[in-house]
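Dock the two chains into a complex; use the hints.
Which chain is which? The protein sequence lines are U and P, in order.
At position 125 of the first sequence the residue is numbered 125 (my numbering), and the sequence of numbers has no breaks.
Every number in my numbering is 145 more than the matching position in the second sequence, counting from 1.
Don't take every hint at face value.
[To be verified] Only pairs whose alpha carbons sit at most 25 Å apart, straight line, appear in this in silico SDA-like list of lysine to any residue: (1) K200(P) / Q105(U); (2) K200(P) / E138(U); (3) K61(U) / T101(U); (4) K200(P) / L68(U); (5) K200(P) / V155(P); (6) K200(P) / D108(U); (7) K200(P) / L62(U).
Read the hints as simulated data drawn from the structure, not as lab findings.
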Amino acid sequence: MLRLGPDVHDRMVAHTLDGLPLEACGLLAAVPSTPAGGRSGPEPVLVVATYPCRNAAESAKLYEVHPLDHLRADRDAEDRGLEIVGVYHSHTHTDAYPSPTDVAQAPDPGWHYVIVSLREAEPMVRSYRIVEGTVDEEPVVNDPS
Amino acid sequence: MPVEVRVPTVLRQNAAGQPTITANGSNLAEVFEDVVRQFPLMAGKVVTDDGTLHKFVNVYRNDEDVRYLQRLETTVSDTDVISILPAVAGG
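In isolation and in its complexed conformation, chain P is listed as follows (with noise of 0.2 Å):
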């Protein structure tokens, strides 16, 4: 089912400047794949070759960090808003 994925600037030139992708999954790991068979450019921005999220993303589902729900199994549906920001820190 689709669902919106919300871009951050830092990643949109990747998604051809869109801030939002419409993308079909039952979980976020199909919602991703979806996202790079659409923008192959957006591949190992999110989820590393090795099929897990990347630690330099945050990924919410709604209101809620992915990290503490399911991760990359975590599901969704075509209510779902899944935003992706970059994780902000330093020393």
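So here's chain U without its partners, still in its complex pose (with noise of 0.2 Å):
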């Protein structure tokens, strides 16, 4: 399960419109569950900061993290006792599930893969984790408090 503290869900989505026609992509952070930038545990984790990066592909079809807003990202989170946890990208024309591309080049198997799906008026959230090629979808849950 991932869950997205306040606002996360409305600034993704808010994020990959203001992207349109191109994909566009972040990376979320969470609290650590466990210390010294450890692995998520058993608790879910719950997703507190968002950080929208520079697609570098400047695509409809690809995303690609920008590696400096990666850098900073990571550095953000760190100082603020965070752990990057996933990224975070739009499908404009397709389902909110994960191409072959994006299995293929999954770069970590503790992370979430959030999609947001813009094919419909209505934004459609799914995450994924992904684990050496199998994809298995998860709940993604709003927690406000």
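Set out below in structure tokens:
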């Protein structure tokens, strides 16, 4: 399960809409559930910060988190005691399901892969774990507390 | 000279769980050779067997992407921080 803190859902959707007609992407940060950069434990992670990033691919079909934006996000998250736990990106004309490219290039099996589909009038936000090529959807819960 | 090398979470299991490594070298090629000397499981993770930067990682000297410097020939000094981050991309 992926829990989204206050405004996280709306910030992701707003950023991806702003990025149209291109795909937009950003990183998600959470409070580490174990000390010293540990992995997500049994408690569902709570995303508390979003880092909108430039799409270095500048494409409607591909995204690449701009390397310098990634570095800045990573530094800022660390300064705030957070950890980058995932990435979101938009699918401008397809479902909110990982494409073969998404699966092939998923960099970290510990991450959460959020896709915002803008195909329909109402944006659809879904999240997946991608481990060694296997895709598993997980529930996304808005947690306003 | 020793520099600090920051390891992303996805590679920490190859570096005995450490978020940072101290490694020696006057350029990045030497630094990553020393990283592999200390942590053999890091072999092939940042530098390919061909001796080039792996395309699935980004490496920075302080705030600069080393692909826009001199890649593995980029010089380092003991005040520099080298960061490794996964390249994050998809479709």
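Which numbered hints does this structure break? 2
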